[in-house]
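Relying on the hints, combine the two individually framed chains into one complex.
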Amino acid sequence: MVITSQFKLPTEEELAVPELNVSAAAFATGAFHLGKYCEEPCKEFMLCRDELGDPRKCLSEGKQVTACGLEFFKKVKKSCLAEFIQYEKCLVSSSSNYEYARCRKTQNVFDECVKTHIGVERPRPFYFCEPKIHDSKRPKPPTAEYPVYGDATPKLPEEKLKEAKTTFERQGIFDAGRPL
Amino acid sequence: MSKAVAPPQDLPPPGGFGKVSYEKVPHRTFFNGSRIALTAFVSYAVGSVLYTMSCQRLKKIYLEQKSGQIATQPFLLAERDRQLLRQMRRNRDAEAELMKDVEGWEVGTLYGTPVFSTLGENEWVEYSAQSYYAHADPQDRMEYENSSHWL
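Respectively, the protein sequence lines represent chains S and B.
In terms of our numbering, the first sequence opens at residue 1 and continues consecutively.
In terms of our numbering, the second sequence opens at residue 1 and continues consecutively.
Pulled out of the complex, with its shape left as it was, chain B reads as follows (with noise of 0.2 Å):
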């Protein structure tokens, strides 16, 4: 009977394992204290100045905008005015038509009560939207009050 031959067994190798590194191994870092802080003080510097060249730029665009429609605003008052007070002589025939046959009733008043107490007869009170609308379309008046929220 020959030897019986041992199985070669898992063993370390010769000299041993290694040691297991488990300390964090830190990156080799550029920023430090003084280069994070040159950073941020670089990056405010050029920042502000680009923000506020790009702040002149716009207000530069948006005067010149402004002028162009200061500059347009007569015509349009002057147009809108004439319209304004075409349709006040007309709603007031209408509601003169509207309410003929109604006892007691004075136009622009609620029976001889006048809305305004304190102004005198030909004193100019601002029109409201709700008034010029009073005898169109409700839809012309939806539109307009609503225009708004398209823009």
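Looking at chain S on its own, in the form it has when it is part of the complex (with noise of 0.2 Å):
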């Protein structure tokens, strides 16, 4: 269709990876821990993927991640489970989105196991939806430029744009932006 033979793709080898072979249920259970114990590489991968905005570059993030959530569910199957099941038996069973709010004694008793034996505190209910600052090693891409045209209408003289104060006096009635 639009793939001509000199995009550059990943062979099949390169994309094999051991996934994530967990249903959605699971995910919602252990959402806030696995986010917060694999926070980096969430970020590292998020960044990447929103500045280049291409998959092909942050295969290797996205591998990371995934690795780190594997660990994660892995962590909570050895050390876990029990508690792990009955929080997901409460979520599924309570309302059809996984309501956290619904779930309130079975999450506390998660939270403890999972704050005893892997280490990770539950972050606060809106932690995810707040801006993240993250400095990655990754050298910053350059920004677009735009291009420079020969015949494009000419600048006011210096002069003139230091006398006026207002956009109004700059560009008289023909501003998009004065108010109506």
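None of these hints come from the bench; they were simulated from the model.
Hints may contain errors.
What the hints assert, rightly or not - Derived pair list, reagent style SDA-like, types lysine to any residue, alpha-carbon separation capped at 20 Å:
hint, chain 1, residue 1, chain 2, residue 2
1, B, Lys-60, S, Lys-115
2, B, Lys-59, B, Gly-47
3, S, Lys-132, B, Gly-47
4, S, Lys-132, B, Lys-66
5, S, Lys-57, B, Leu-85
6, S, Lys-63, B, Gln-73
7, S, Lys-8, B, Leu-119
8, S, Lys-8, B, Trp-124
9, S, Lys-115, S, Ala-82
10, B, Lys-66, S, Ala-25
The structure is reproduced here in structure tokens:
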């Protein structure tokens, strides 16, 4: 369709990594601890994905994210399986969208277990909705340069720009931003 | 012959009938203007307090749900990216296999004319669902596109 033969794509071997083979309910159950446990790789991956806008360039970061998630779920399975299943059952059967507000009792039990065995404390409820600042080692991609056209309308002389104090004085009534 | 007795006539009671009451008799009312105004004010005040409280409660629930979804997003996106790239390669191979007998056909172009003329060869373009399901069962694509209607 739109992919030509010059378009570079990774091979199947490069993409073959053990995937997180868990259900949506398990994801929702472990979401907060998972996000906290894998915060750094997640931030790195999402920043890369957002800045470069190309999945091919963020494959290694994505693999790190998946490996970290797999590590977390393995740890949970090893030490907190009963509490995890109890919490998951509550979430699944209490509402249609895994509402956390309805399962505080089982959640506290699971939180305690994760805190003692894995060492991850549950972040505050709106933690992941807050903006994050991440300092990446990857160099910043260059910003897009706008083309310069030779036949563009010339700017106003500098003296006139200095004299004028408001946008209306500079541009008259043909200012799009002028309040009507 | 005895005297004929007059039959009893249907006459008004002594003293005549009472007056016909035709005027409207109003009920005893509790509400007057100031009481109506007071009731409205009290109900608006109580209602706005309860409304604000439930708005805050629902917003907290919504934000916590959203927070959980945002926490899991990188994992889903990483997996989705890998699957997308895998399928893109498969689609390209399938197209080359399908059109190998057509003379002058180049993969990803219409007889050598590229779809996007201003983009470079290796530049990323968002891959549409139509392209993704190009060589798949049409029923699968329908399921993907209509799945949101069932939610």
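Hints, verified against the model:
1. B:Lys-60 - S:Lys-115: 24 Å, violated
2. B:Lys-59 - B:Gly-47: 18 Å, holds
3. S:Lys-132 - B:Gly-47: 38 Å, violated
4. S:Lys-132 - B:Lys-66: Distance ~15 Å between Lys-132 of chain S and Lys-66 of chain B Cα, so the pair holds.
5. S:Lys-57 - B:Leu-85: The hint holds at about 11 Å.
6. S:Lys-63 - B:Gln-73: 14 Å, holds
7. S:Lys-8 - B:Leu-119: Distance ~14 Å between Lys-8 of chain S and Leu-119 of chain B Cα, so the pair holds.
8. S:Lys-8 - B:Trp-124: Measuring from Cα to Cα gives roughly 10 Å; hence the hint holds.
9. S:Lys-115 - S:Ala-82: 15 Å, holds
10. B:Lys-66 - S:Ala-25: Since the Cα atoms of Lys-66 of chain B and Ala-25 of chain S sit roughly 15 Å apart, the hinted pair holds (cutoff 20 Å).
Taken one by one, the earlier hints fail for this structure at numbers 1 and 3, listed in ascending order.
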